[in-house]
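Q: What follows is the residue order along each chain.
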Amino acid sequence: MKLTLKIWRQKGPKEKGRFESYQVEANPHMSFLEMLDVLNEELIAKKEEPVTFEHDCREGICGTCSLVINGQPHGPNRGTATCQLHMRHYKDGDIIVIEPYRASAFPVLKDLAVDRSAFDRIMQAGGYISVSTGAPQDGNAIPIEKDQASEAFDAAACIGCGACVAACPNASAMLFVSAKVSHLALLPQGQVEASRRAQAMVRQMDEEGFGMCSNITACEAECPKEISVTNIARLNREYLSSSIKSQIKV
Amino acid sequence: MSFDSNIPPGPLAEKWTRYRGTMNLVAPNNKRRIEIIVVGTGLAGASAAASLGELGYNVKCFTFHDSPRRAHSIAAQGGINAAKNYANDGDSVYRLFYDTIKGGDYRSREANVHRLAEVSRNIIDQAVAQGVPFARDYGGLLDNRSFGGVQVSRTFYARGQTGQQLLLGAYQALSRQISLGSVEMYNRHEMLDLVLVDGKARGIIVRNLLTGELERHAAHCVVLATGGYGNVFYLSTNAMNCNVTAAWRATRRGAYMANPCFTQIHPTCIPQSGDYQSKLTLMSESLRNDGRVWVPKKQEDAKAIREGRKTGNDIPEEDRDYYLERRYPAFGNLVPRDVASRAAKVACDEGLGVAPTGLAVFLDFDDAIMRYGKSKAHSMGLHNPSDAKVRELGEKVVEEKYGNLFEMYEKITGENPYQLPMKIYPAVHYTMGGLWVDYNLETNIPGLFSIGECNFSDHGANRLGASALMQGLADGYFVLPYTIGQFLSNEIRTPKFDPNAQEFLDTEKDTRERLEKMMNVKGGQSVESFHRRLGKIMWDYCGMSRNAEGLKKARTMIQELREEFYKDVFVPGSMNDYNPELEKAHRVADFFELGELMVLDALDRNESCGGHFREEYQTEEGEALRDDEDYTYVSAWEYKGWDEEPVLHKEELVFENVELKTRSYK
Amino acid sequence: MSWLSNFLTSSIGRKVVMSLTGLFLILFLVVHLAGNLQLLYNDGGEKFNLYAKFMTTNPLIKTVSYLLYAFFLIHAIQGWLLWSKNRKARGSQGYAVKSTRTVGTNSFAASNMGWLGTIIFIFLAIHMYQFWLQMKLGNLPMANYDGHEVKDLYAIVAVAYENLGFVIFYVVSMAVVAFHLLHGFQSAFQTLGLNHKKYTPFIKGLGKAYSILVPLGFAIIPVYMYFFH
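Chains as they are written, first to last, in the numbering used here: chain D, 1 to 250; chain S, 251 to 916; chain B, 917 to 1145.
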């Protein structure tokens, strides 16, 4: 099938970008990224610079791939990362607009690649359990209710791709932050420092310049792991209660 | 350069405990003065960097990814082994040790493997304490499943995303150390060379992937945790950016590359659909518990399926060859990975493949669906249910067990595996070979350590399922943080190294020249096209089965391709910019050299063992024929450059606790 | 009190302020509607005027009304602040193709709360000028009920609703209020962290019913008065 791609090209973080149109011949078995590979091979053959886009595992788990395809982060299918999207969902003659994530906290580096290091800094602020390598108690010492463990897993399934931020009209990172806060708060091991964690992660999130959640739920709709906004409510709860209950003055 | 495995004395089960109790320590005040470079942030790298940071060392950690959380450990599905014996089914440290040695076809070190089995238990405790959400049963305790043809249930798992959850655990521990300042993190920095000062590893040259700038980093020692080199085959289940460069550059500086030809080919991957494809996707091994593998008996049927005139469902029962069940009646569809993969290749080589490319076999769940359906109907009290009803009930049971895998298959292939048998084909998955290390995980270059898939140490010629995660974390959390002290305790008086010293400047110059050389070719072919061609040579001649003639031919072909590369490659863009094509070019250039060494290693090993199958060395029934008399050694290769033959150093493997037997699955 | 200022200036704190003030305004709407429904009595406005008098003179109600004005202003100002901060967070370069999919919320309402709120603000400015200000300062005719002199607010309401333009203006404004509530009601609970598998569907159902019925109640009044008085 013949496709027209309108792709955002931008030389560097400070340069101005613009859309360029390309024609590409794809086949329905290709994945979306393989279709871009084909385009890049053609560009290289013409001695032009290929389109920069980030990708790695190509099986929907590493969270490296991004792209906003016709207005939707990771494309049209629910619960699917860009790398798992296949061309059979398109038809001959389609026009596909491919843009980078747009958010002040995710500046464009080049073409379709953006800088998502803000997520790392949020994690460093408190997205962990403060346990050093050593000899903790036996793995079975703390029983955890099956459903609770499963709910923690659902939150922990986040791949840190940033689609939530890209999808949110407010560019809010609440789904990402709440997934980590929920994952750890739902487990007894993580309860100990839940208060401090919620405070620290939210503070860092605010400093990074993400927007504020107005419960639009576009994040959940576009999340390749379908992480639920109930986690956001849990974060609100954790944050609120830690603000009120905490004995620490500041 | 030393070439001693440094295995401590004493009885096998006590070696590690005794050694740990007597090894040299570095005092806390001295740790603060010592710098360590860790390259790679997968399970091994992240866990090592975090643990070393916790101990008080100054750690600099590097990854070429945009975040430490992206490393390919994240894609491991199945689980992680640990000799906890929670299931009360007779598991023990010794049994895990024995299974690993046997599974590796007796080509790994007893002492290393036993230590791995010992610390496996600590890993689970550590991961739980970090908040890894392992699967639990209704009593709230950790759940186990059996895996990869072992007879006990010792695999801990977190749905089909165990690797992800364990990596996030290590990443979180690492993030904590970064926030505390004990680890300095360098994202988007790729190691392109190793710096030696007076024969010891003292630093690395990295390229800032965003600016293209080369940077020199110095430390008292260097730890490589840079994963495997499966991408030398171009098509593999590895992530697109997995590469051998860090390990290969160390080899170029004198480190020995051990057993490079030992490659694991995983039998259940989604087949390639076309030439544009650059990556293969793994389907969990657990599918073989219920799926039956078959191909048509007649070539014309296979041809009709390939051309789309027939489907698997059109082939009557008597025209199907369930070849695994036929050849291995005792284990049937559950034979180990290497055996299952080879059998699929044999079937496809006979022209019985069922995908348009000719490279696929069926994995059929029809029997399982009907069997489960009947049993379900029975338990519901339905007598004489219709076939349709049985099928409907059976599909539900299969969906509960494998729903997410079936969905993934359908997402990729667009075929409904409940209605049509799945098509699968083997794919490169893991490399057992890697940098040679001693018991301390130190290479033959003093001060250079290698952990995780990057080293060769624990899996011999074939890795068991759910053991890769175990090894990566064992090395990073519980082995290296101790053994690195053996080296560093002698370095407490060594002042910090100056990255502007001549050795660093020289190595940086070398690196720059290598990059310039590739940029300046300005030929007519893309890096990708060279990589694809190299991969095909490797797959055809050094893949699932190998023979001397093919290997010799492959070596010449690789050399020619390498020469062509340096004459005709085209790398667009500039060196001083974010340039993924240049990154690829450097990686592919290193793959050429590694590929040649793999071929040479395969040629040297005149036996068949584990993932290494030499056609000349097989039994009359076509099974692997090991030669324990002549090949019970680790091949440690010293690589000196294109013009010189690599030198083979042999580390004889001594088996004091295990009797060498032929693996049989008949 | 630095923890309090930290909290109030944090992203979640700001949202909590929106949520609490919003919930107060939601409660107020019910009271306001209950009063306004007195307009539907065919009594020449007696009940309504007595109600209006009570509302403007009872000391307790007066106190609460100051709270109401404050909360309303806080809600509006904070809303604009959030809106502008969110626009900044999104960046100057927008998407060429826009598409907002949502889960369990009204996509249009959810992503246009700022616009909807602004329209409501303008509506309220006109509404307050037209009735509230007149009641407070204007020279209203007086009505006499059993010897009590009461400002005849009903009179100007009745006049206003003879004008078809005003009727349409009020009805359209109520539609805007409905959309604002449709998202705001359940969103307020989510922001306070009140999300529960069992109870959230009830809250969402209640929110939907509320955001349809209450604006509908308000909208019926001008329409009814236009046609039947």
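Please note: incorrect hints may appear among the correct ones.
These stretches of chain S come out as covered by chain D in the derived footprint (C-beta under 8 Å, 3 or more residues) [stated by the list, open to error]: (1) 519-526; (2) 711-723; (3) 726-732.
Reference excerpt, derived from the structure (chain B facing chain D, CB under 10 Å, subset only) [unchecked claim]: (4) 947; (5) 948; (6) 950; (7) 953; (8) 954; (9) 956; (10) 1005; (11) 1021; (12) 1034.
Lysine-lysine pairs mimicking BS3-like chemistry, simulated, CA-CA at most 27 Å apart [claimed, not checked]: (13) D:14 <-> B:1004; (14) D:16 <-> B:1113; (15) B:1014 <-> D:91; (16) D:11 <-> S:352; (17) S:817 <-> D:16; (18) S:651 <-> D:47; (19) D:46 <-> S:651; (20) B:1014 <-> D:11; (21) B:1014 <-> D:6; (22) S:651 <-> B:1014; (23) B:1004 <-> D:146.
Derived by calculation from the structure, the hints in this document are not laboratory data. All C-beta atoms, glycine included, are put in the ideal place defined by N, C-alpha and C.
Q: The structure should be examined with respect to each hint, and the outcome stated for every one.
A: Structure-based check of each hint:
1. Here the segment 519-526 of chain S counts 3 residues with a CB under 8 Å from a CB of chain D, which clears the bar of 3, and the coverage holds.
2. Requiring three or more residues with a Cβ within less than 8 Å of a Cβ of chain D, the coverage given for the segment 711-723 of chain S is violated, as only 0 such residues are present.
3. With a cut-off of 8 Å between beta carbons, the segment 726-732 of chain S has 3 residues touching chain D; three or more are needed, and the interface restraint holds.
4. For residue 947 (chain B), the interface hint is violated, since its Cβ never comes within 10 Å of a Cβ in chain D; the closest pair sits about 26 Å apart.
5. Interface restraint check: residue 948 (chain B) against chain D, minimum CB-CB distance 25 Å, threshold 10 Å, status violated.
6. Contact between residue 950 (chain B) and chain D, as hinted, is not supported at the beta carbon level, the nearest pair being about 29 Å apart and thus beyond 10 Å.
7. Residue-level restraint check for residue 953 (chain B) is violated (minimum Cβ-Cβ distance to chain D is 31 Å; threshold 10 Å).
8. For residue 954 (chain B), the suggested interface contact is broken, since its CB lies about 35 Å from the closest CB of chain D, more than 10 Å.
9. The interface hint given for residue 956 (chain B) is broken, as the beta carbon of that residue sits about 35 Å from the closest beta carbon of chain D, more than 10 Å.
10. Taken as an interface hint, residue 1005 (chain B) checks out: its beta carbon lies about 3 Å from the nearest beta carbon of chain D, inside 10 Å.
11. The restraint placing residue 1021 (chain B) at the interface with chain D holds, with a minimum CB-CB distance near 5 Å, inside the 10 Å limit.
12. The interface hint given for residue 1034 (chain B) is broken, as the beta carbon of that residue sits about 14 Å from the closest beta carbon of chain D, more than 10 Å.
13. A threshold of 27 Å between alpha carbons decides the hint, and for residue 14 (chain D) with residue 1004 (chain B) the separation of about 18 Å falls inside it, so the pair holds.
14. With a C-alpha separation of about 47 Å, the suggested pairing of residue 16 (chain D) with residue 1113 (chain B) is violated against the 27 Å cut-off.
15. At most 27 Å may separate the alpha-carbon atoms for a hinted pair to count; residue 1014 (chain B) and residue 91 (chain D) meet this at roughly 21 Å.
16. For the given pair, residue 11 (chain D) sits about 54 Å from residue 352 (chain S) by alpha-carbon distance, which is inconsistent with the 27 Å threshold.
17. Distance restraint check for residue 817 (chain S) and residue 16 (chain D): the Cα-Cα separation of roughly 36 Å exceeds the 27 Å cut-off, and the hinted pair is therefore not satisfied.
18. At most 27 Å may separate the alpha-carbon atoms for a hinted pair to count; residue 651 (chain S) and residue 47 (chain D) exceed this at roughly 50 Å.
19. For the hint linking residue 46 (chain D) to residue 651 (chain S), the alpha-carbon distance of about 49 Å lies beyond 27 Å, and the restraint is violated.
20. For a cut-off of 27 Å, the pair hint linking residue 1014 (chain B) to residue 11 (chain D) stands: about 24 Å separates their Cα positions.
21. This hinted pair checks out: residue 1014 (chain B) and residue 6 (chain D) have alpha carbons roughly 15 Å apart, not beyond 27 Å.
22. Between residue 651 (chain S) and residue 1014 (chain B), the direct Cα distance comes to roughly 39 Å. Violation of the 27 Å bound is thereby established for this hinted pair.
23. With a C-alpha separation of about 42 Å, the suggested pair residue 1004 (chain B) and residue 146 (chain D) falls outside the 27 Å cut-off, and the hint is violated.
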